[in-house]
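> Sequence:
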Amino acid sequence: MLTLYFIIYMFMCLIGILVFVFNRKHLLSMLLSLEFIVLSLFGLLFMFLSMMNYEVFFSLMFLTFSVCEGALGLSILVSMIRTHGNDYFQSFSVLQC
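Per our numbering, the sequence shown starts with residue 45, numbered consecutively.
No lab work stands behind these hints: they were computed from the structure.
Using N, Cα and C, we set each Cβ at its ideal position, and we do this for glycine too.
Incorrect hints may appear among the rest.
Pair by pair, the computed Cβ-Cβ distance ranges are [what the hints assert, rightly or not]:
1) Leu62 / Gln134: 35 to 41 Å
2) Phe92 / Ala115: 24 to 30 Å
3) Met91 / His128: 36 to 42 Å
4) Phe66 / Leu121: 17 to 23 Å
5) Leu48 / Phe109: 25 to 31 Å
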């Protein structure tokens, strides 16, 4: 039964990576695919730690850092929309101020 969950979470991670690679037009869709990958990795981590009878506090720390990553991504999205007027990833350049 646990191998079925591992296969499902690995498939979710693979689908998230494929969406991230092939759908690079909007920053919001890229952030959503990254959050989907993080969610599937959290499921894999939680299943692994539960199966090995380790403490699951590391998964809570992982979830905390992923929430911080999501908040930083949304702040970048808001600042990009304020400066450029859209969320197209091609219009974003690091060299511009």
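> Hint by hint, say whether it matches the structure.
Hints versus structure:
1. Between Leu62 and Gln134 the beta carbon distance is about 20 Å. The supplied range of 35 to 41 Å is therefore violated.
2. Separated by about 26 Å at the C-beta atoms, Phe92 and Ala115 satisfy the suggested range of 24 to 30 Å.
3. The supplied range of 36 to 42 Å is met by Met91 and His128, whose beta-carbon atoms lie about 40 Å from each other.
4. Look at Phe66 against Leu121: about 20 Å separates their beta carbons, and that is inside 17 to 23 Å.
5. Range check, Leu48 to Phe109: about 28 Å between beta-carbon atoms, so the 25 to 31 Å window is met.
The structure shown violates just one earlier hint, number 1.
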